[in-house]
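Undergrad: Numbers 1 to 196, taken from the UniProt record's numbering, label the letters of the sequence shown in order.
Honestly, the hints are just simulated from the structure, not real lab data. Hints are supplied without guarantee of correctness; some may be wrong.
Said to hold, decoys possible - Simulated restraints on C-beta separations:
1) Glu112 - Ala79: 33 to 41 Å
2) Ala121 - Val97: 38 to 46 Å
3) Gly115 - Arg135: 45 to 53 Å
4) Pro178 - Gly115: 24 to 32 Å
5) Ala79 - Thr48: 40 to 48 Å
6) Ala147 - Gly8: 32 to 40 Å
7) Gly158 - Gly98: 33 to 41 Å
Virtual Cβ for every residue (Gly too), placed ideally from N, Cα, C.
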Amino acid sequence: MERSDRRGLIAEAATEILAAQGIRGLTHSAVDVRLDLPRGSTSYYFRTRQALLEAVVRRIADTSAHRFQLTGLALAAVAGHTAAANAMAAWLDDLLVGRRHHVTARYALTIELAGFPELHALLARALFSREHATRLCEALGASDPGAASADLVSLIEGLLFDRFAGARSLDGVEAGTPASVGQFARPLEAYLRGMS
């Protein structure tokens, strides 16, 4: 196995452990055990706890960037507000279905990394990109794309958290269903239509 592949596997396993066991459960040896690696393997690739946490943050960010490219959101923006809202809603819903451990790990790390500006900044942008949001807002004709994109990212953050752990998490709407996508799409479309 190549070194970069092993680093990626370790980072993903660390993300899963963090999501399942919390910040205290994430240790180098826990990753070794999870991946059935020889003792000390994770420490070889990520010498410190800080390096391991950084690997988790980068894994979440890199996966998000890659998955975002697959959403077709840029094309959806050309098709209008409804198509863009539906594409964003499907992407948010996918976070709750296929990447819930990334969402959980990100929330767990938010407080932990508050004192580390570089990692905090990367973590804050790990799931949602203002740059992509700005391009979307420009394509949809926002009068102030910069402000509109900052507000859009805040809305998306709030919608995701509400569905993950807030009041809407109690509504019984199952992620991965049309009802789930619709619950995200309604406020997104209302915002996109009102930002002009």
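Undergrad: Look at each hint and say if it fits the structure.
TA: Against the structure, the hints come out as follows:
no. : hint                        : in the structure
1   : Glu112 - Ala79: 33 to 41 Å  : 40 Å, holds
2   : Ala121 - Val97: 38 to 46 Å  : 27 Å, violated
3   : Gly115 - Arg135: 45 to 53 Å : 32 Å, violated
4   : Pro178 - Gly115: 24 to 32 Å : 42 Å, violated
5   : Ala79 - Thr48: 40 to 48 Å   : 47 Å, holds
6   : Ala147 - Gly8: 32 to 40 Å   : 37 Å, holds
7   : Gly158 - Gly98: 33 to 41 Å  : 21 Å, violated
Violation of the numbered hints given earlier is confined to hints 2, 3, 4, 7; the remaining hints are satisfied by the structure.
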